[in-house]
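Given chain A's structure and the hints, the job is docking chain B onto it.
Residue numbers (my numbering), protein chains in the order written: chain A, 1 to 438; chain B, 439 to 876.
Some clues are possibly wrong.
[Stated by the list, open to error] Pulled from the structure, derived: some chain B residues nowhere near chain A, Cβ distances all over 12 angstroms:
no.	residue
1	449
2	471
3	525
4	603
5	628
6	629
7	659
8	668
9	712
10	722
11	770
12	789
13	796
14	837
[Stated by the list, open to error] Computed list of lysine to any residue pairs in SDA-like fashion (alpha-carbon distance at most 20 angstroms, straight line):
no.	chain 1	residue 1	chain 2	residue 2
15	B	456	A	51
16	A	315	B	525
17	B	458	A	25
18	A	101	B	582
19	B	803	B	824
20	B	842	B	494
21	B	548	B	727
22	A	387	A	338
23	A	20	B	501
24	A	101	B	686
25	A	115	B	581
26	A	101	B	578
27	B	539	A	140
28	B	716	B	680
29	B	458	A	387
30	A	20	B	541
31	B	458	A	338
32	A	404	A	249
33	B	458	A	140
34	A	18	B	824
35	B	539	A	115
36	B	539	A	60
37	B	629	B	791
38	B	458	A	55
39	B	456	A	56
40	B	456	A	115
Derived from the structure by calculation, the hints contain no laboratory data.
Note that CB positions come from ideal geometry on N, CA and C, so glycine has one too.
Protein chains: 2
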Amino acid sequence: MALIVQKFGGTSVANPQKIKAVAERVMGYSRKGHRMVVVLSAMAGETNRFIELANQMQAIPDRREMDMLLATGEQATVALFAMAVKEAGFDAISLLGDQVKITTDRMHTKARIQKIDADLITRHLDAGRIVVVAGFQGVTEDGDLTTLGRGGSDTTAVALAAALKADECEIYTDVEGVYTTDPNICSTARKIDRISYDEMLELASLGAKVLDIRSVGFAKRYKVPVHVRSTFTETEGTWVVEEDKEMESNPVSGVTSSKNEARITISKVPDVPGTASKIFDPLTSEGIVVDMIIQNTREGALTDMTFTVPRTEYKKTMQIMALVVAEIGAEGVRGSENIAKVSIVGVGMRNYAGIASTMFKTLAKEGINILMISTSEIKVSCVIEEKYTELAVRALHDAFGLEKGAAKKRPAKTAAPAKTKASPKTKASASEAKSKKK
Amino acid sequence: MALIVQKFGGTSVANPQKIKAVAERVMGYSRKGHRMVVVLSAMAGETNRFIELANQMQAIPDRREMDMLLATGEQATVALFAMAVKEAGFDAISLLGDQVKITTDRMHTKARIQKIDADLITRHLDAGRIVVVAGFQGVTEDGDLTTLGRGGSDTTAVALAAALKADECEIYTDVEGVYTTDPNICSTARKIDRISYDEMLELASLGAKVLDIRSVGFAKRYKVPVHVRSTFTETEGTWVVEEDKEMESNPVSGVTSSKNEARITISKVPDVPGTASKIFDPLTSEGIVVDMIIQNTREGALTDMTFTVPRTEYKKTMQIMALVVAEIGAEGVRGSENIAKVSIVGVGMRNYAGIASTMFKTLAKEGINILMISTSEIKVSCVIEEKYTELAVRALHDAFGLEKGAAKKRPAKTAAPAKTKASPKTKASASEAKSKKK
Numbered sequence: 001m002a003l004i005v006q007k008f009g010g011t012s013v014a015n016p017q018k019i020k021a022v023a024e025r026v027m028g029y030s031r032k033g034h035r036m037v038v039v040l041s042a043m044a045g046e047t048n049r050f051i052e053l054a055n056q057m058q059a060i061p062d063r064r065e066m067d068m069l070l071a072t073g074e075q076a077t078v079a080l081f082a083m084a085v086k087e088a089g090f091d092a093i094s095l096l097g098d099q100v101k102i103t104t105d106r107m108h109t110k111a112r113i114q115k116i117d118a119d120l121i122t123r124h125l126d127a128g129r130i131v132v133v134a135g136f137q138g139v140t141e142d143g144d145l146t147t148l149g150r151g152g153s154d155t156t157a158v159a160l161a162a163a164l165k166a167d168e169c170e171i172y173t174d175v176e177g178v179y180t181t182d183p184n185i186c187s188t189a190r191k192i193d194r195i196s197y198d199e200m201l202e203l204a205s206l207g208a209k210v211l212d213i214r215s216v217g218f219a220k221r222y223k224v225p226v227h228v229r230s231t232f233t234e235t236e237g238t239w240v241v242e243e244d245k246e247m248e249s250n251p252v253s254g255v256t257s258s259k260n261e262a263r264i265t266i267s268k269v270p271d272v273p274g275t276a277s278k279i280f281d282p283l284t285s286e287g288i289v290v291d292m293i294i295q296n297t298r299e300g301a302l303t304d305m306t307f308t309v310p311r312t313e314y315k316k317t318m319q320i321m322a323l324v325v326a327e328i329g330a331e332g333v334r335g336s337e338n339i340a341k342v343s344i345v346g347v348g349m350r351n352y353a354g355i356a357s358t359m360f361k362t363l364a365k366e367g368i369n370i371l372m373i374s375t376s377e378i379k380v381s382c383v384i385e386e387k388y389t390e391l392a393v394r395a396l397h398d399a400f401g402l403e404k405g406a407a408k409k410r411p412a413k414t415a416a417p418a419k420t421k422a423s424p425k426t427k428a429s430a431s432e433a434k435s436k437k438k
Numbered sequence: 439m440a441l442i443v444q445k446f447g448g449t450s451v452a453n454p455q456k457i458k459a460v461a462e463r464v465m466g467y468s469r470k471g472h473r474m475v476v477v478l479s480a481m482a483g484e485t486n487r488f489i490e491l492a493n494q495m496q497a498i499p500d501r502r503e504m505d506m507l508l509a510t511g512e513q514a515t516v517a518l519f520a521m522a523v524k525e526a527g528f529d530a531i532s533l534l535g536d537q538v539k540i541t542t543d544r545m546h547t548k549a550r551i552q553k554i555d556a557d558l559i560t561r562h563l564d565a566g567r568i569v570v571v572a573g574f575q576g577v578t579e580d581g582d583l584t585t586l587g588r589g590g591s592d593t594t595a596v597a598l599a600a601a602l603k604a605d606e607c608e609i610y611t612d613v614e615g616v617y618t619t620d621p622n623i624c625s626t627a628r629k630i631d632r633i634s635y636d637e638m639l640e641l642a643s644l645g646a647k648v649l650d651i652r653s654v655g656f657a658k659r660y661k662v663p664v665h666v667r668s669t670f671t672e673t674e675g676t677w678v679v680e681e682d683k684e685m686e687s688n689p690v691s692g693v694t695s696s697k698n699e700a701r702i703t704i705s706k707v708p709d710v711p712g713t714a715s716k717i718f719d720p721l722t723s724e725g726i727v728v729d730m731i732i733q734n735t736r737e738g739a740l741t742d743m744t745f746t747v748p749r750t751e752y753k754k755t756m757q758i759m760a761l762v763v764a765e766i767g768a769e770g771v772r773g774s775e776n777i778a779k780v781s782i783v784g785v786g787m788r789n790y791a792g793i794a795s796t797m798f799k800t801l802a803k804e805g806i807n808i809l810m811i812s813t814s815e816i817k818v819s820c821v822i823e824e825k826y827t828e829l830a831v832r833a834l835h836d837a838f839g840l841e842k843g844a845a846k847k848r849p850a851k852t853a854a855p856a857k858t859k860a861s862p863k864t865k866a867s868a869s870e871a872k873s874k875k876k
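Only chain A is shown next, with the shape it has when bound in the complex:
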């Protein structure tokens, strides 16, 4: 008898029929004697409907009110799900984020979980109930509702699994697991059976949408075995677990791409101490996460500062930078939304030489210009023009031998890691520039 947390996304609970099918699946586990906690998202389409409504009310919808609105989506699903379970003869109870005291910070629409009180859930489990928890939701110390951002239900599930010391956390989705790359882009993409937390963290942060990055962070910290699998089949999916020898034998585990980036350049920034914080502090206080940062030295005491932000934050960032430019006495600001980031990820990368240069050569051969580069111990990312995204992904997937059933093409193994070990945190770099990563 195990304690299992299962999370089902919006497409898995898109309508009453699908909710019933999911309820059946969960009850199958109950029949085997497992203690079940189910985390659900809003029915597919609901969140977008709410966003449209909100946009009709306010040009930039208030974030606290947005959370109030969005939280209704998950609330409806858990109630309907509990009804379906009860109809089938099992006992169930739906609970909201604030009822299970998923306490978060005040960063509305993308709040971070600070603590969870698992007592109420445990009591209902002890009473023999299937506990159905609304994903995505949290509550501040003051009782304001918050939401955890897109993919937040994954985080709810893994965080609950950690708090409950669950035996495993199953993330059900509409794909069969984690792939070597997006199968919609590359037909030879292959499902990965086992992947390490660190690789999954990189893949998630670099655009793989199958699992929310914060959930992977929780899973790693609390060593929660996560099983990503399909709602619609019984096939085993991908286990996200601690690193092992087998994983290290592949130099590259996956290729990802992301079009959710925008690039902003502030030109002729006076190169005096404190300038960087004047540029980035206003973004931090708005909760805008800066990804890569590159600073190019120009003539004299002037530099160009280039960085990337999520594309959804592009307009807001440009507005903020217009003020910043005036304040710090820079020349101006320009930006582009037509960029993409392609990345290769693998824990085995530490053991092989020349992985980055193979990537650069592969892109060059396809005539793709590299705009920015960022590396860590287990990944290399390149920012390129958006139009080349799919071409780049396919070329890299092929170059590193990730295709289905392919004999693995491995470069010669080196005794020492090829790249200099820096801090364990991600380090940005670009050949012609000094660079830093926020």
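Then chain B, alone, in the frame of chain A:
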């Protein structure tokens, strides 16, 4: 500068445009310096949509889960409304039933308010905000969400007005106020300018849908002046206030009808002590409210017991009665949903003789058979066959001279009240039977 609570129903906030229009109306009061608390219902249609979804999940949806589901409707409206107000430059904050601690009993889907903590609202009002409260919602001591039943937002508004000691409570609706009868049934129906709490209580309990009965009870207890008026005009509506001389001069203030009734008869009930409680206790524990009760003595120690319940509870009541019949050894149970109740109401009734007999004569003249009768100091109700409802209403409206601009037809005033004064509570009676009212 006054503290005003305004409640807007589902048709008033049916879509983003209407929500904006309502926000404008509220802000007009803010501009004049009033402190504003707004109570909102779910957007028209939402509640029905949820009920349909629930019915797809469970034959008889679990009431706790139903509340969880239904409460999302109001939550969405208040968030959207707060956004609209903020967009227009005023400050606003949305609050849920559990956030303002509208504590109720555990009677899910029709919970009763037990207490309200007005502190949070007062703090936000002091901070200059328009406070937008989700109507219809409550929370149990344990933190389970409840709802107050159809019309519950009226109750929220009046209860908040009482707790906040508001100067007035405005109930906005899609009609211009309280009418002498339903204008859809009787074209000569007239808007009433002022009506007493007691009359409004009777009208509401007898089928007038404009104001929820529990809200009138709160208003009476805490002497909250309630102004029922239209969202779509500036016209004065109907004030529901304490009784005055002027009101007493009319024998009848209004005529109502209700088709939300069903009649159930248990035949050959052994007439032994304790039988009545065996019949009605199971209904009480299910929260089913019995309206009229009539007990007809038959031969020997057997009686027939006839009573009415809300039509929505008919099936459930019949199920329960099937068990009860077996338990108490009665002959059987039969019922009808094809009945209606027509009523006349007026505080002036106390001062005039022959009001009830005028009613009976009027119905007889139209060939309408009276199935059950119930009276109180200020009302007379008759249960009739459903098909005669509209005919009965028009005939009574005319017989008591309630038409627009009509010279009032008043019967001769008597020195003493014509009817025997019983307890202040409603007393059921029928000519041929001993009767009681639950």
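### Query
Against which earlier hints does the structure fall short, listed by number upward?
3, 17, 20, 24, 28, 29, 30, 31, 33, 34, 35, 36, 37, 40
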